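In order, the protein sequence lines correspond to chains A and B. Taking this note's numbering, the leading residue of the first sequence gets 1, the next gets one more, and so forth. Taking this note's numbering, the leading residue of the second sequence gets 1001, the next gets one more, and so forth.
The hints are simulated quantities; they were obtained by calculation from the structure and are not laboratory data. The structure displayed is predicted, hence computed values, not measured ones. Heads up, a few of these hints could be off.
Facing chain B, from chain A, some residues (calculated, C-beta under 10 Å) [stated by the list, open to error]: (1) ARG23; (2) VAL37; (3) PRO52; (4) ARG57; (5) VAL60; (6) GLU61; (7) LEU63; (8) ASP64; (9) GLU68; (10) LEU97; (11) ALA98; (12) GLY99; (13) GLY105; (14) GLY181; (15) ASP210; (16) ASP337.
If you anchor each label on the Cβ, the simulated ranges turn out as follows [stated by the list, open to error]: (17) B:ALA1207 / A:GLU231: 51 to 59 Å; (18) A:GLU273 / B:ALA1207: 45 to 53 Å; (19) A:ALA276 / B:ARG1037: 25 to 33 Å; (20) A:PRO313 / B:ARG1059: 45 to 53 Å; (21) A:ALA196 / B:GLY1091: 16 to 24 Å; (22) A:PRO353 / B:GLU1036: 25 to 33 Å.
Computed footprint of chain B on chain A, listed as stretches where at least three residues anywhere in the stretch have a Cβ under 8 Å from a Cβ of chain B [stated by the list, open to error]: (23) 171-180; (24) 230-237; (25) 280-294.
Virtual Cβ for every residue (Gly too), placed ideally from N, Cα, C.
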Amino acid sequence: MGKTLTFLGIESSCDDTAAAVVRHDDGRAAAILSSVVAGQSAVHAAFGGVVPELAARAHVEKLDRCAEAALGEAGLRLEDLDGVAVTAGPGLIGGLLAGVMFAKGLAAGAGLPLIGVNHLAGHALTPRLTDGIGFPYLILLVSGGHCQFLVVRGAERFTRLGGTIDDAPGEAFDKVARLLGLPQPGGPAVEAEAAAGDPARFALPRPLLDRPGCDLSFSGLKTAVLRARDEAAARDGGLRRQDRADLCAAFQAAVAEVLAGKARRALAAFLAERPAEPVFAVAGGVAANGAVRSALQAAAAAAGARFLAPPLPLCTDNAAMIAWAGIERFRLGHADDLALSARPRWPLDTAAPALVGGGRKGARA
Amino acid sequence: MRPDAPVLAFDTSAAHCAAALLRGGEILAERAEPMERGQAERLMPMLAGMLAGQGLAWRDLGLIAVGTGPGNFTGVRLAVAAARGLAMSLGVPAVGVTALEAAAYGLPRPVLAALDARRGEVFLQLFDGAESPPPALARDDALPSWAFSAGAVAGDAAPRLAPVLGAVALAQPVPLAVAIGRLAALAAGAGAPPGRPAPLYLRAADAAPRREAPPELLP
Chain A
1 MGKTLTFLGI
11 ESSCDDTAAA
21 VVRHDDGRAA
31 AILSSVVAGQ
41 SAVHAAFGGV
51 VPELAARAHV
61 EKLDRCAEAA
71 LGEAGLRLED
81 LDGVAVTAGP
91 GLIGGLLAGV
101 MFAKGLAAGA
111 GLPLIGVNHL
121 AGHALTPRLT
131 DGIGFPYLIL
141 LVSGGHCQFL
151 VVRGAERFTR
161 LGGTIDDAPG
171 EAFDKVARLL
181 GLPQPGGPAV
191 EAEAAAGDPA
201 RFALPRPLLD
211 RPGCDLSFSG
221 LKTAVLRARD
231 EAAARDGGLR
241 RQDRADLCAA
251 FQAAVAEVLA
261 GKARRALAAF
271 LAERPAEPVF
281 AVAGGVAANG
291 AVRSALQAAA
301 AAAGARFLAP
311 PLPLCTDNAA
321 MIAWAGIERF
331 RLGHADDLAL
341 SARPRWPLDT
351 AAPALVGGGR
361 KGARA
Chain B
1001 MRPDAPVLAF
1011 DTSAAHCAAA
1021 LLRGGEILAE
1031 RAEPMERGQA
1041 ERLMPMLAGM
1051 LAGQGLAWRD
1061 LGLIAVGTGP
1071 GNFTGVRLAV
1081 AAARGLAMSL
1091 GVPAVGVTAL
1101 EAAAYGLPRP
1111 VLAALDARRG
1121 EVFLQLFDGA
1131 ESPPPALARD
1141 DALPSWAFSA
1151 GAVAGDAAPR
1161 LAPVLGAVAL
1171 AQPVPLAVAI
1181 GRLAALAAGA
1191 GAPPGRPAPL
1201 YLRAADAAPR
1211 REAPPELLP
């Protein structure tokens, strides 16, 4: 039985600066003592997505303030901690570097161990933070930057069953929102609009659903929405409100159906391993979408697996998951030194073939 | 800050890791390693090694001094983020010093600091002891009129600008990190509580506004 560990987590891999304190008594449930997230949506609102340089500029201004706030809310000082965990990849290099260097400064000055954490491992290990489940389990990471099915076998052992070969679903929601003149972030805007729409009026493709395996694709779906929008707008000299709602409903239904279809295959592959208490967990911001969530829930129920979705603030980017993943790594005896590198590309499963961003620099995620 | 407490100064705003450890007027250690990449990995181990070489620990430091650019965006952020982490964990101030201030350090006034900004541009600041215009980014072939008034120019763009300006090019008498450390110590000693060090970019991020507007929305 290990000792009680209290870690500060730091996250700056995309457009949220976050810091959190997590405490864990080995063998008991972990406690999130604080979790601070400073978003940047206003910074990027005028642009067609997250601008990496602007994100990095914002992170360097917010990291220490977030860390101070997280410690303050937890009522702790740095000397009460047992380690500092920081997202070292994958993600946008400017933000990763700011976070890693800030964490090095903190850890060095406070004499604390430094643990570099894979952002995807943070998401993938969140069900253990929130629900204390054991290994192995199946998880779908579905967010603005990622989409993959993983069997989580240990804090550092992941098997990827499949993932997107192009866009992530959250990215597709954002792009569809832009195409239809809806605000960012696109997920909630498209979902709200879809509530008044008919999902059957526009026929959209179900990319890769007819192919075996668990790989997914969302880029063509977005293009199909663009084509349908242009046809409707050319016909009427503008986009009718009802057309927009119907397009949103059709798009959301297609995403949900593709994810659920691939989830059924991932579940079948996972259940073939005969896990004792099969769990299908989902993490990432897209899990907040009601249609997606109920489709995944139904897939889990049909397969006889327990469905688990962490609360939304722990599904989207946060630092509690980084602190937790740091604790898990530390318990395995891992720590990094002051030479820790930021890794913009860092796949969890290095044995699986690259999905996106193969090529010279290696797999992205 | 205790007057005898060591000052740790560092800079990664260009193709180097530069650092100095100072106490009072004394230079305890100074290093500048040229490198195109790898500053993120090298900086903190290099600082730790310099402290250890003097038998000092991080907690012995009284002040962190950091170069805030202008220069390489990512490089500037590396050092500033590390400085802010150290300041928070050590409970000591971190003071930012610009590369322009450092280039003009110890030189007679008036002097123009001029740093290469690539793309045929320079970062400029006039130091004349009185109220000076704020630092600026200028094209080599469209220098502001105030740049011509100093008669002396310092910084890595000085050799190329001196003939154009009809000015004397001056060499910086001390290493960059030493200048940063001394200027930060002066600022910290002046009493005003220093704000958190922040990068000085002087150049906007490359970011294109959204291109395509969605079609007009009909009822």
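Status of the hints after comparison with the structure:
1. ARG23: Result: violated, 19 Å to nearest chain B Cβ.
2. VAL37: This hint is violated: A:VAL37 lies away from chain B, its Cβ roughly 18 Å from the closest one there, beyond 10 Å.
3. PRO52: 8 Å, holds
4. ARG57: 7 Å, holds
5. VAL60: Holds, about 5 Å.
6. GLU61: 7 Å, holds
7. LEU63: 6 Å, holds
8. ASP64: 5 Å, holds
9. GLU68: A:GLU68 check passes; min Cβ-Cβ to chain B is 7 Å, inside 10 Å.
10. LEU97: 5 Å, holds
11. ALA98: 5 Å, holds
12. GLY99: 8 Å, holds
13. GLY105: At 2 Å from the nearest chain B Cβ, A:GLY105 passes the 10 Å test, so the hint holds.
14. GLY181: 4 Å, holds
15. ASP210: Because about 31 Å separates A:ASP210 from the closest Cβ in chain B, which is outside the 10 Å limit, the hint is violated.
16. ASP337: Given a least distance of 7 Å, the restraint on A:ASP337 holds.
17. B:ALA1207 / A:GLU231: 51 to 59 Å: 32 Å, violated
18. A:GLU273 / B:ALA1207: 45 to 53 Å: Distance hint for A:GLU273, B:ALA1207 holds at roughly 46 Å.
19. A:ALA276 / B:ARG1037: 25 to 33 Å: 48 Å, violated
20. A:PRO313 / B:ARG1059: 45 to 53 Å: For A:PRO313 and B:ARG1059 the Cβ distance comes to about 36 Å; the hint is violated.
21. A:ALA196 / B:GLY1091: 16 to 24 Å: Roughly 56 Å apart at Cβ, these two residues miss the hinted range, so it is violated.
22. A:PRO353 / B:GLU1036: 25 to 33 Å: 32 Å, holds
23. 171-180: With 3 residues closer than 8 Å to chain B, the segment 171-180 of chain A meets the three-residue bar; holds.
24. 230-237: With 4 residues close enough to chain B, the hint holds.
25. 280-294: violated (count 0)
Checked against the numbered hints above, the structure violates hints 1, 2, 15, 17, 19, 20, 21, 25; every other hint is satisfied.
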